[in-house]
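**Q** Chains L and G, in that order, give the protein sequences. If you read the first sequence in numbering that gives the first Met the number 0, its first letter stands for residue 0, the second for the next number, and so on. If you read the second sequence in numbering that gives the first Met the number 0, its first letter stands for residue 0, the second for the next number, and so on.
Calculated from the structure, these hints are not laboratory results. Be aware that one or more of the hints could be misleading.
Cross-link-like lysine-lysine pairs, in silico, DSS-like; alpha carbons within 30 Å at most [what the hints assert, rightly or not]:
id, chain 1, residue 1, chain 2, residue 2
1, L, Lys99, L, Lys161
2, L, Lys89, G, Lys111
3, L, Lys171, L, Lys328
4, G, Lys230, L, Lys113
5, L, Lys242, L, Lys223
6, L, Lys401, G, Lys201
7, G, Lys111, G, Lys154
8, G, Lys45, L, Lys89
9, G, Lys182, L, Lys113
10, G, Lys45, G, Lys230
11, L, Lys56, G, Lys129
12, G, Lys129, L, Lys328
13, G, Lys111, G, Lys230
14, G, Lys111, L, Lys293
15, L, Lys161, G, Lys203
16, G, Lys129, L, Lys401
17, G, Lys154, G, Lys171
18, G, Lys45, G, Lys171
19, L, Lys320, L, Lys242
20, G, Lys171, L, Lys113
21, G, Lys129, L, Lys373
22, L, Lys242, G, Lys154
23, G, Lys129, G, Lys45
24, L, Lys373, G, Lys203
25, L, Lys373, L, Lys320
26, G, Lys171, L, Lys89
27, L, Lys401, G, Lys171
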Amino acid sequence: MKKALTILLLAASFFSCKKTYEVLQPDYATWALFKNPAAIRINTSARNAMEGVYNLKTGTDVFGELVAVKWSYAIRGGDTSFHVSGFFGKDVAWFICEGKRLGDSILLNGYWRKMVNVETGIMRFVINQANGANKILSANPIIDSGSITMDGVFGAGQDEPKVAISFTYDRKLNKSPAPFEILAHRGGGRTSDLLQVSENSVNIILKTPEFGSTGIEIDVRFTKDGVPILYHDNDLNLRVVQKSGLVGPIENYTYDQLTAFVRLVNGEKIPTLREALNAVLYQTGLTFVWLDTKYIGSLAPVQAIQKEFLQKAAAAGRNLKIVIGLPGKDQYFSFLELPDYLNTPSLCELSIEEAATTNSIWAPRFTEGLQADKVAQVQAQGRRVFSWTVDVPDFVTQFVQKGNFDGVLSNFPSSVAFNYYTNE
Amino acid sequence: MLGKFIKIFAVIVAGCNCYSKAPAQDSTFKAKHAAILFPYPMLTEKWRSSIGFTLMTTPEDITEEVRLRIPCGDFRVLRRINNHLNLDGRIMFQLLQNHISLGIRYVKPLTKQLYVAAGNDLGYWFGFLKIGGFNSRASGLVNYPHLSVGYKTNKNLLISFKAQVSLNLDYKAVNGESVFTSKQNFYNGETFTVSLEQPFFKQKHLLLAISTINNYFYWQTWSLFYKTDRKVFYPQITVALIQ
């Protein structure tokens, strides 16, 4: 029997080789032309002019037929950085580039990624004068179909990009009459999606506009000393944080202990809710925050912070919405105990009746389907409906283009952005 | 990978036929041993079955706090066709999600201690979930070509190694009225299994097996996460009584 068990254990250890996936963001800062001191920042008018839906002429086998091009910004260290993103229809692919003007041409330099796997690489574009740069850079850009062509190259990993890709402007980005929220799960994506920033971190909040997000969902818990922080899991574990020696529920530790000893998987510290909302309000153009309450207890402290930041947003002239999420019965009953709960913006994942009782946005799980009748019923009452968490690309297409939702939460906001902006 | 597997499969089957001029048949096999995974020829018996369970761990980096280790019932039955061929049927059941497969296995004794087999199974899985915010069901069709090598020790212990690949033929997921079908990831991954089979008590024999499943998609996780283009590792143990 001992011999048998030895054989079994040896065999098990031999075959239990787990493949580890990682994605290294390519270093694209090697393009000499882009580093030319004469290359300058593209102005707002030109950035706006470039936004639109483009038809791919080459590169369709890798990226699909269409790409939605959109600019975003984030303020880091006092500097505003602008990025142009392209959301493709195949394999949840996107590109993120910096842009510069060099003479009469526009240069875009960055990288691409497919979220369904780990493929990535450098991507570069040139828009010369004849291909539309003159129109983009004019004082009053008038862009119509065929007037811009982006000629570029892309490569795999850190390889010098050599494969041709080009696309031509077709039309403006779709914009529905009512606001539609492209919501990023956990601030922008999960750790398992292999982004270079950790879920529920300030860094991912600053990154997520590049994925096309207009809003975020973040997870709120409290430390032992009552500080609201962003953290998803019940316990400190290696999925979310680096090795620290601390184990067990995060509520067992004070904020100072967590700050001193714990770092998220990509090295960031666990942010407080205030730090996260400050980043949203003062460092991004995000317009919606869904506070997913992961704890059981009074919602009053969260309501106070929500109120504080809604006032700050109003003072800053920002149209920012912050809602308290009610994922379960415990949070639902805690919410009903809040003063003025009917006027406290909230989002309820329970039934439409419970969402009506709390005057909440209704947010059913996507696994219940499109539910057209119930969605119409809630909207007829003047409230919005979001679906979560829709990741399968075909389902994203169905929920965004065939459903009547006012927003979709996804780990792949770029997929939601593609389907929303290219919808005709 | 698939092409490589087919080549190896063909070489082994051809090699078995060339090497073994006269079948090293052991007509007392049944009396001494009962095996369900071990690639033995069913010379004197028509049926052989086993009942047990498998236990699989979900990938924590993807399923996060949902770390399911729900046992899956495992019923297998072999039916003799002739000295070299038998039918191999299997039902894996967890009530809300189940898998049924039927295949054929060609078995060849190389010596009195060394046996090989090659076969192919066709599997159908289905699951449904209509509670707590779910109105979901899913199903799929999978093909499983496989090769086995068995070594019979002198102490009534049967050791087998089985290599199997899976080919996703069809996949369908339904949420409410939303339907998603896919034939993506036709080559779905590979499974390696090491098993031990030996007498246990009375006429019963015991099967212990460890499998390493490296798949893009594994049917038991259909409700937890969507199909990806990244392979996921699932360790699995199997315990069964054979009669």
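**Q** The structure should be examined with respect to each hint, and the outcome stated for every one.
**A** Okay, the hints, checked on the actual structure:
no., hint, in the structure
1, Lys99(L) x Lys161(L), "21 Å, holds"
2, Lys89(L) x Lys111(G), "55 Å, violated"
3, Lys171(L) x Lys328(L), "43 Å, violated"
4, Lys230(G) x Lys113(L), "15 Å, holds"
5, Lys242(L) x Lys223(L), "20 Å, holds"
6, Lys401(L) x Lys201(G), "62 Å, violated"
7, Lys111(G) x Lys154(G), "14 Å, holds"
8, Lys45(G) x Lys89(L), "52 Å, violated"
9, Lys182(G) x Lys113(L), "19 Å, holds"
10, Lys45(G) x Lys230(G), "39 Å, violated"
11, Lys56(L) x Lys129(G), "45 Å, violated"
12, Lys129(G) x Lys328(L), "19 Å, holds"
13, Lys111(G) x Lys230(G), "39 Å, violated"
14, Lys111(G) x Lys293(L), "62 Å, violated"
15, Lys161(L) x Lys203(G), "65 Å, violated"
16, Lys129(G) x Lys401(L), "23 Å, holds"
17, Lys154(G) x Lys171(G), "47 Å, violated"
18, Lys45(G) x Lys171(G), "37 Å, violated"
19, Lys320(L) x Lys242(L), "36 Å, violated"
20, Lys171(G) x Lys113(L), "23 Å, holds"
21, Lys129(G) x Lys373(L), "17 Å, holds"
22, Lys242(L) x Lys154(G), "47 Å, violated"
23, Lys129(G) x Lys45(G), "41 Å, violated"
24, Lys373(L) x Lys203(G), "57 Å, violated"
25, Lys373(L) x Lys320(L), "24 Å, holds"
26, Lys171(G) x Lys89(L), "19 Å, holds"
27, Lys401(L) x Lys171(G), "19 Å, holds"
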